[in-house]
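J.: Modelling step: build the complete structure from the supplied sequences, incorporating the hints.
Now for the letters of each chain:
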Amino acid sequence: QKEVEQNSGPLSVPEGAIASLNCTYSDRGSQSFFWYRQYSGKSPELIMSIYSNGDKEDGRFTAQLNKASQYVSLLIRDSQPSDSATYLCAVTMNSGYALNFGKGTSLLVTP
Amino acid sequence: DVKVTQSSRYLVKRTGEKVFLECVQDMDHENMFWYRQDPGLGLRLIYFSYDVKMKEKGDIPEGYSVSREKKERFSLILESASTNQTSMYLCASRSGTASYEQYFGPGTRLTVT
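Protein chains in written order, with the numbering used here: chain A, 5 to 115; chain B, 3 to 115.
Since the hints were made in silico from the structure, they are not lab data. In this text the structure is predicted, and so the values were computed from the model without any measurement. Treat each hint with caution, since some may be false.
What the hints assert, rightly or not - With a Cα cut of at most 30 Å, we get these calculated DSS-like pairs of lysine-lysine:
#1 A:60 / A:46
#2 B:59 / B:15
#3 B:72 / A:71
#4 A:46 / B:5
#5 B:59 / A:46
#6 B:20 / A:46
#7 B:59 / A:107
#8 B:55 / B:72
#9 A:6 / B:57
T.: Spelled out as structure tokens, the structure:
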């Protein structure tokens with residue numbers, strides 16, 4: 005079974021700080037990587053996708069990918085209380101169709 | 003924007019009932035997926051479909067079947083509901099060619115009593 009590992013948290017950061025969320029994966033053949041945000045009782049919402057090594061920035065979010073280390077991370081700058089949610093890391097499976105999800109990291113941004 | 007809708011937000015069924023969960027997407031996506039999400043277990047893939055009338059088993063297909071007669075609609079069927087199928091069911095869709103990004107519907111919270 006190919007694994008996607010995340011620290012469950014909760015990760016607590018003060019408002020305005022940088023939140024750093026990490027994910028490791030076991031399948032070296034994975035090519036596509038995603039971060040989803042999930043509020044309590046809601047469905048996952050796609051916030052970032054990354055396909056090549058390096059950084060990808062979108063507003064306050066930066067995704068970082070290192071395929072050699074099998075590591076992907078999400079940085080949230082200027083964290084807001086509205087960022088409090090569970091963040092799911094997802095990686096494509098061998099088939100290329102479905103995603104393998106981590107169990108998520110709970111983020112709490114305190115005012 | 004991608005729109006994925008699911009037939010019910012909340013559903014309560016009795017043990018042994020046949021249950022149909024419907025999912026519709028409006029983006030002409032080739033691929034559609036059914037997941038269930040449980041506390042401590044995360045999201046697990048039940049079935050997916052890469053084209054009309056085509057389906058593949060995911061990690062936990064036992065007790066479920068699926069139907070995809072039209073491109074926009076993907077149904078999950080619980081042949082005889084059991085209490086261990088109480089869960090949040092999430093449908094997702096993805097373009098088969100443009101990108102690998104999956105978009106989720108709002109989910110159906112199913113309770114089997």
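J.: Are the hints correct? Go through all of them and say.
T.: Hint by hint, here is what the structure shows:
Restraint check: the Cα-Cα separation between residue 60 (chain A) and residue 46 (chain A) comes to about 26 Å, which is no more than 30 Å; the hinted pair holds. Our distance criterion of 30 Å between C-alpha atoms is met by residue 59 (chain B) and residue 15 (chain B), whose separation comes to about 24 Å. For the suggested pair residue 72 (chain B) and residue 71 (chain A), the alpha carbons sit about 38 Å apart, so the restraint of at most 30 Å is broken. Simply put, residue 46 (chain A) and residue 5 (chain B) have alpha-carbon atoms about 15 Å apart, close enough for the 30 Å limit, and the pair holds.
Of the supplied pair hints, the one linking residue 59 (chain B) and residue 46 (chain A) holds, its CA atoms being roughly 25 Å apart against a limit of 30 Å. With a CA separation close to 25 Å, the supplied pair residue 20 (chain B) and residue 46 (chain A) stays within the 30 Å bound. For the hint linking residue 59 (chain B) to residue 107 (chain A), the alpha-carbon distance of about 21 Å falls within 30 Å, and the restraint holds. Simply put, residue 55 (chain B) and residue 72 (chain B) have alpha-carbon atoms about 8 Å apart, close enough for the 30 Å limit, and the pair holds.
A distance of roughly 21 Å separates the Cα atoms of residue 6 (chain A) and residue 57 (chain B); the hinted pair therefore holds under the 30 Å criterion.
Of the numbered hints stated above, the single one contradicted by the structure is hint 3.
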